[in-house]
Amino acid sequence: MLILSRKSGESIVIDGRIRVKIVRVEGDVVKVGIEAPSDVPVHRQEVYEEIQLSNQKALTRQSSPLPKLTGAAAQPKSPVDRPLTQMSRKPSLQKP
Amino acid sequence: MKCAETIETETPTAPPASNQVRLPMGLLGFEQIKDYVLLVNPAEEPFAWLQVESNVSLAFVVVDPFLILPGYQPDIPQSDVEFLGMKQPTDALLLNIVTVHGPNHATVNLKGPIVINRHTHVGKQVILANASEYSVQHPLSVAEAAA
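Protein chains in written order, with our numbering: chain A, 1054 to 1149; chain B, 76 to 222.
Calculated directly from the structure, the hints in this document are not laboratory data.
Among the hints, erroneous ones may be present.
Said to hold, decoys possible - Just so you have them, the derived chain A footprint on chain B, three or more residues with Cβ under 8 Å:
#1 97 to 107
#2 110 to 123
#3 130 to 137
#4 147 to 156
#5 169 to 179
#6 199 to 208
Even glycine gets a Cβ: it sits at the ideal position worked out from N, Cα and C.
Chain A on its own, in the form it takes in the complex:
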């Protein structure tokens, strides 16, 4: 791992297009500003770990009856045979 020393207000440039700036240091908290193009996903590591853990908990290895939902979702109006191409279509994509 490359380790660099930086002072508050100083930056690191990665790949000529991602700028990581040390905004402020307060005790054991470092505020970091990140400037990156929109095609570079930036997330806290905890988000990855949280989803990873959730996936591991969700994996089923044996038959488990599924709960019945209450409310509007309990009886979705759907045809008996609904291939992947016909499931509901309402996601909103991020604008480029």
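Starting from the known structure of chain A, arrange chain B on it as the hints suggest.
The following block gives chain B in isolation, referenced to the frame of chain A:
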């Protein structure tokens, strides 16, 4: 798990809709498992099964989030849209992974939906740009003790 067609004895004889789904990057924590089959059993909707193709005893319970949360507004990062080769919102099928904690307790991961290109059946577990607005364990309203 049981195959979808054997879960309920009264299940119609018609086989469930079966669809191949390829996740080239796997799921977070399961990066090596790339090939899945989506099984939809009408008796179990809105839930469906994303079954590991190479091991039918392994599966994830998934749900189309818009059937249970009409206000869900996932912000899919542009890099993922391009990776999946999607040109318009209707190209995307979203499936969110459900954790069944018990007969009366289930949660759904709203931070990291599986986004699938409907035309290519290629998908990816995406971390939403607005992931901080959503829970990884959003509780589902489950009926009491279904017999």
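Now the hints, each set against the structure:
no. : hint       : in the structure
1   : 97 to 107  : holds (count 4)
2   : 110 to 123 : holds (count 7)
3   : 130 to 137 : holds (count 5)
4   : 147 to 156 : holds (count 9)
5   : 169 to 179 : holds (count 7)
6   : 199 to 208 : holds (count 4)
Of the numbered hints stated above, none is contradicted by the structure.
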